[in-house]
Amino acid sequence: MFAGIDVGASATKCMIVDESKNEVASAVRRTGMSLRKVADEVYKEALSGAGLEPDGIKVVATGFGRKNVDFADSIRTEISCHCKGCYHHFPRALTIVDIGGQDTKLIRTNVEGKIIDFKMNRKCAAGTGAFLEEIARRMDVPLEEMNGLALSSEREIEIGSYCTVFTATEILSKIREGEKQKDIVRAVFGSVIKRIQEMNPLIGDVVLTGGVVAHNEILFDLLEEALGREVLKPPKPQFTGAFGAALYAMM
Amino acid sequence: MEVLVAFGFKVYFPENHSALIGARKIADDYIPVANAVGYSPEICSYLTSDIGAYLRNETPLKDAYGVSSIPKPDVLAVNTNQCRDLYEWFSFFGRRFDAPVFSIHPPKYLDEVEEHHVDDVAVQYEDMIARLEKMTGERLDEAKLKEAVALSLEATELWKGFLDTAVHVPSPLTFFDGTIHMAPIVVMRGLQIAVDYYKQLKAEMDERLENGIAAVDDERFRIYWEGMPVWGRLRKLSEQFVDLRACLVASTYCNSWIFDDMMPDDPIRSMALAYTKVFVNRSEPAKERYILDEIKRFKADGIIFHDARTCPANSNASYGMPARMMEDHGIPTLTLDGDLNDLRCWSDEQATTNIEAFIEQLEER
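As given, the protein sequences belong to chains A and B, one line each in that order. For the first sequence, the residue numbers in the numbering used here are 593 to 843. For the second sequence, the residue numbers in the numbering used here are 201 to 565.
None of these hints come from the bench; they were simulated from the model. Among the clues, some could well be false.
To be verified - Far from chain A, some chain B residues (derived; all Cβ distances over 10 Å):
no., residue
1, Leu255
2, Arg284
3, Trp457
4, Pro532
5, Leu534
Stated by the list, open to error - Cβ-to-Cβ under 10 Å is the rule here; a few derived chain B residues that face chain A:
no., residue
6, Pro307
7, Asp311
8, Phe558
By construction, the Cβ of each residue, glycine as well, lies at the ideal position given by its N, Cα and C atoms.
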């Protein structure tokens, strides 16, 4: 058995796979303040879910808290792990878009699954999960209702600002203009898609992954609309990094 | 520099002072002070660090050398071959100290430096010399100018010799060593002391080569650094690269102080050529050709571009060069967002992960 633990900025994920690379168990929790503790908790939860003991299981840690997982056998960045995880599901040249809590990453791979280049958003929250959380709070919409609200939108409006604070100001003016909440929320998701398109050309087969898209499937629709073609969705997008880490544990 | 040395001026470099402020990690105390009096946070953070420190009447020179403040200049001399900000910076001190600012403005973004460009700059040098003669009441001693240019040339060749030892695999030095040892070639050109310094340094490098001493134990990857140093993160970054067993073998930045076109027999024209030809002053294709040659010469596996927020002039990731390096030449590149001095533009977390992932990318190639 092999385990991958992805200590992300918002959530910590663990996935255990068998020799055939099939999922045996997984677990997820909010990351919180103690990275070591939460890593231990998700790991134990996944182990007990599968009725396993930790003996003999190889563990690879990834994510921003990877260095805090002291029981891991090795570490690998989330960039390599997302790439590994996505390539397993879609073995061809890919453009991978991982929307995380604090950053968005764009990774391009060749047909062998090797990284050609990658980019991370600049030191700014726009286009990330943190951006959506902030806007949800400002608009007084529970985060988990954002996706549903946006799906019910009937009118297309646009939000053009670059930065989280300016976007909040722009939203205030939309509210003043009498725009509906659901249309504004959809436009907020639309602005996430725009930020991604500015980062790198989205060439060839595009995969969307990460916790934000797992909870907000409208992002698939909006990106497909923007690109005019299908966007690939890995099973359990939130766990792609943890899955990739487990695949590294196998190597 | 050489002209001022020939006139017998003691020369003080604000740029070096700013690098010192950056390396001491105190720039963020001073930048806002300059911002508050109208110098934008988006312009050169060397300028804002230095002006801010001046306005606060503080200097790291106090702890280091017991110098309580920057010296009062009789004249400010500036060449804008690197950027316009330098001129604005020197003009600030010109106003403060009521001292004249003499400047040379070479033609910019040159693909090749042609005769007429050199003519233009040589005339500007002659004009500056005439102003200095008027100001000091003394004629320029041409023998002294030739001597200063000869010493600059000697120092610059030794400096190049030092940097070029990194062509060897494994490299005996890293970019971080270069950033520390570059001070004499920047501020002591034209003086014997710079020559003596680099003779000693070069000898040490030759000794390291002879004994097979590498800067990075078990060097696995060789990387070219493009752009300014992040002065406040020299140690952190150098340690990260050592841990990853990757060596930053060369940089445009350290190479920019190689002025091997200097000719003591033709001091003015050769200075005009050398200082106009600098990398920062060149066209995008000229820069690209230069970097490609250096990648080949230093057998680098990839390039890290430092996109310094407040130094667009010396950041080369803004006009598509990283993408061209990768797509046209198959060279892996990474771009780090950051700054030379303003650490508010730098994220340790993002930089660490980006660098680590870049090395993983090279491992799996």
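A quick look at each hint next to the structure:
| no. | hint | result |
| --- | --- | --- |
| 1 | Leu255 | holds (27 Å) |
| 2 | Arg284 | holds (25 Å) |
| 3 | Trp457 | holds (30 Å) |
| 4 | Pro532 | violated (7 Å) |
| 5 | Leu534 | violated (8 Å) |
| 6 | Pro307 | violated (33 Å) |
| 7 | Asp311 | violated (28 Å) |
| 8 | Phe558 | holds (8 Å) |
Of the numbered hints stated above, those contradicted by the structure are hints 4, 5, 6 and 7, listed in ascending order.
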